[in-house]
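Q: Keeping their order, the protein sequence lines are chains A and B.
Going by my numbering, the first sequence opens with residue 184, and the numbers climb by one from there.
Going by my numbering, the second sequence opens with residue 23, and the numbers climb by one from there.
Please keep in mind that the hints were generated in silico from the structure rather than gathered at the bench.
Any given hint could be a false lead.
[Claimed, not checked] DMTMM-like mimics (lysine to aspartate or glutamate), calculated; alpha carbons at most 20 Å apart, straight line:
id: 1; chain 1: B; residue 1: K110; chain 2: B; residue 2: D122
id: 2; chain 1: A; residue 1: K253; chain 2: B; residue 2: D165
id: 3; chain 1: A; residue 1: K252; chain 2: B; residue 2: E184
id: 4; chain 1: B; residue 1: K83; chain 2: B; residue 2: E140
id: 5; chain 1: A; residue 1: K498; chain 2: B; residue 2: E284
[Unchecked claim] Quick list of the computed label-pair ranges, beta carbon to beta carbon:
id: 6; chain 1: A; residue 1: E238; chain 2: B; residue 2: L225; range: 34 to 40 Å
id: 7; chain 1: A; residue 1: D505; chain 2: B; residue 2: G47; range: 42 to 48 Å
id: 8; chain 1: B; residue 1: G61; chain 2: A; residue 2: E212; range: 51 to 57 Å
id: 9; chain 1: A; residue 1: I477; chain 2: B; residue 2: L225; range: 39 to 45 Å
id: 10; chain 1: A; residue 1: D221; chain 2: B; residue 2: L58; range: 47 to 53 Å
id: 11; chain 1: A; residue 1: Y254; chain 2: B; residue 2: A254; range: 27 to 33 Å
These numbers were taken from a predicted model, which means no experiment stands behind them.
For every residue, glycine included, the Cβ atom is placed at its ideal position computed from N, Cα and C.
Chain residues, written in single-letter form:
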Amino acid sequence: MPGVKFMISFSIVIPVYSGDDYLETLAVEIEAYRQKLDEVNAPFRLREVVFVDDESIDNSREIIADLVKKYNYFLRIQLSRNYGQHSATMAGILHSSGDWVVTMDEDLQHHPKFITELFGAVVKNESDIVYGRPSEGAHQSKLRDLGSKYTKKVVSGLSGSRHITNASSFRLIRGSIARAASSMAGHDTYFDVALGWFTQRVSALQLPLKDTRYIENQKSGYNFKSLASHSRRMMFSGQIKALRYGALFGVILAMFALLASAYIFISRAFGYTDFAIRGWTSTMVAIMFLGGVIVFLLGIILEYISTLVQRAHGKPVFFIVDRDSDSQLREFFENQS
Amino acid sequence: MKLMSYSAASEFADKKKFVLLLGMGLIGYSVYSALLRAGWQTEKDYTFLWDNIGFQSKQLKQSLSDLVSINSKDRTRTDIHIVWCAGKAGFSSPNSAFEDEGKSFSNLVDFAEFAKSEASIESVYFHHMSSAGGLYEGQSFVDLSSKPAPLRPYGFEKLRQEKLLQSNQTTKGTYMIYRPSSIYGFQNGGRTGLVSTLILNALKGDVSRIFGGINTLRDFIYIEDIGNFVCAKINEISIGGSVFFLASGKPTSTYEVISNIEYLTHKKLYIQYETTLENALNNSFRNSSLSGLFAITPLGTGVKKTLEKIRSNKY
Chain A
184 MPGVKFMISF SIVIPVYSGD DYLETLAVEI EAYRQKLDEV NAPFRLREVV FVDDESIDNS
244 REIIADLVKK YNYFLRIQLS RNYGQHSATM AGILHSSGDW VVTMDEDLQH HPKFITELFG
304 AVVKNESDIV YGRPSEGAHQ SKLRDLGSKY TKKVVSGLSG SRHITNASSF RLIRGSIARA
364 ASSMAGHDTY FDVALGWFTQ RVSALQLPLK DTRYIENQKS GYNFKSLASH SRRMMFSGQI
424 KALRYGALFG VILAMFALLA SAYIFISRAF GYTDFAIRGW TSTMVAIMFL GGVIVFLLGI
484 ILEYISTLVQ RAHGKPVFFI VDRDSDSQLR EFFENQS
Chain B
23 MKLMSYSAAS EFADKKKFVL LLGMGLIGYS VYSALLRAGW QTEKDYTFLW DNIGFQSKQL
83 KQSLSDLVSI NSKDRTRTDI HIVWCAGKAG FSSPNSAFED EGKSFSNLVD FAEFAKSEAS
143 IESVYFHHMS SAGGLYEGQS FVDLSSKPAP LRPYGFEKLR QEKLLQSNQT TKGTYMIYRP
203 SSIYGFQNGG RTGLVSTLIL NALKGDVSRI FGGINTLRDF IYIEDIGNFV CAKINEISIG
263 GSVFFLASGK PTSTYEVISN IEYLTHKKLY IQYETTLENA LNNSFRNSSL SGLFAITPLG
323 TGVKKTLEKI RSNKY
């Protein structure tokens, strides 16, 4: 609200699947960071940490239960089955109250100390969403890092969601947008695509992030199958530009067919060319024209389906956002520099 | 106002108990329904007139006399649970609208003292339906250490009522104060909250006016959860002096409620937002503030149940 100053709150949401080696250290780091924000009198304060137990496969559940007893601002959400990282993140966001929401991994790949820098990027880029991106290959595996990079580029091109190239699970999101996207998204909607329906103010910040778990053990929460599923959801949640390319191809083909038909017909009618096979002219004209029309109509039908699919995924007509409190962040970072 | 009784079916069970239930709005009716489901019986109905304290006192004394008469058949001493779910004015009402409610509540506390003097009554328990939304309006992350800081007459009156119970000699050791967050559910003819109004308007195709913002956070709690909890407390009570937050612990934005209702009704909602600084303040509760025994219906399930009730009522 204009002219009103109040402390900006933020929540951290952490989906947990197999984090028992990291959770206690992560909690200590979060607490240290929370205290530091108090010490420097930052205008943004950590008010809650939501751990979402996504039917974890190790001792994470017990560890989270202990942490919740120890830290009164920690909250545990227990999912009824394993729904995957994005669904778990959305469940956590829908249980958060912060003006801003930070989503991060359980394995300290995303250190809490970087959150201040993410807030700095909000001010610098006037963003609603800031992704924390690894400045170098996070997995220290060329195949894995390049695979991830180019998959996102291809999907971004095909889906029309430009910000997907920067997407990562370390995000700082304006709370209202995070909750709106989480409440609209269907079970197969890719969360970062859904976020793009609510804002175009998306930026990324290069940070020294390392996936230590993968580097040390070659273990990751994702296998090839889940990565493929990720890419599929990413593409089908978006606008599916490929369909438009298909429709355009149909139009070009139909026009070419018309021109070619005209040429063949005129050639035959006025005797410029004598085709040896009887009926070739009419057959070719019919095939080319009908083929073009069919591809074009198919493109239109797919475009309609794409619109309906996006509606089913929850794409809104409009959304309202309040950015007035950003001036407090700006003031803080200007005084810091 | 209703007088209800519960007779133990087994000789090993508790003695006979009575409930004097005041208020048959959304919450009062849910408590009443929960008690009926738990085996309580309605003994008498009484008229309650807000603006006539004399008449109220007469009716209260009549209920006590009826209680003694009914109980004398069993020749046992009994407990009475006075359950206050009544409220004359609404959340946005001005100060003057709470005069009658304040006087009626004070009169009821005096009646508790009077009932205690009746020979056949062993204990008087006072159950008070307060309001978490009224006491903590505009506060986020509310927990047990948060201080009530009402912003409008509704909240101030609820806080005054709580303090009266906590300081009164008769009720101070036997009160149970319930602080529900934003309740939702459906009752034909009663006040309709945000959820019911939106469902009704979705079904009718009418425009809804929302006094708040699209991103305003509230903590929604399904009405049957309140009724079941109060009923459980009446049935199990041994000591009083407790305050319970009846909240879900899950902040929910207006936008989430709207998408939930559109999804469940398969209808488009037409919304007009009336957003001001006062009505767009967030209100959320930490899980640590909640009673561990409070069973919470998830929002989607509660909205679905409300929708079914509205549909079966042929709106």
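Q: All hints are to be evaluated individually against the structure, with a verdict given for each.
A: To see whether the hints hold, each was checked on the structure:
With a C-alpha separation of about 8 Å, the suggested pair K110(B) and D122(B) falls inside the 20 Å cut-off, and the hint holds. Simply put, K253(A) and D165(B) have alpha-carbon atoms about 15 Å apart, close enough for the 20 Å limit, and the pair holds. Of the supplied pair hints, the one linking K252(A) and E184(B) is violated, its CA atoms being roughly 30 Å apart against a limit of 20 Å. Proposed proximity of K83(B) and E140(B) is supported: the alpha carbons are some 11 Å apart, at most 20 Å.
A C-alpha spacing of about 13 Å is found between K498(A) and E284(B), which places the hinted pair at or below 20 Å, so the restraint holds. At roughly 37 Å, the beta-carbon separation of E238(A) and L225(B) lies within the given 34 to 40 Å, and the hint holds. The given range of 42 to 48 Å is broken by D505(A) and G47(B), whose C-beta atoms sit roughly 34 Å from each other. Here the CB-CB span from G61(B) to E212(A) is close to 54 Å, well matched to the stated 51 to 57 Å.
Distance hint check for I477(A) and L225(B): the Cβ-Cβ separation is about 42 Å, which falls inside the suggested range of 39 to 45 Å. Restraint check, D221(A) to L58(B): a C-beta distance of roughly 52 Å satisfies the suggested window 47 to 53 Å. For Y254(A) and A254(B), the Cβ-Cβ distance of about 30 Å falls inside the hinted range of 27 to 33 Å, so the restraint holds.
Hints 3 and 7 from the list above are not met by this structure, while the remaining hints are.
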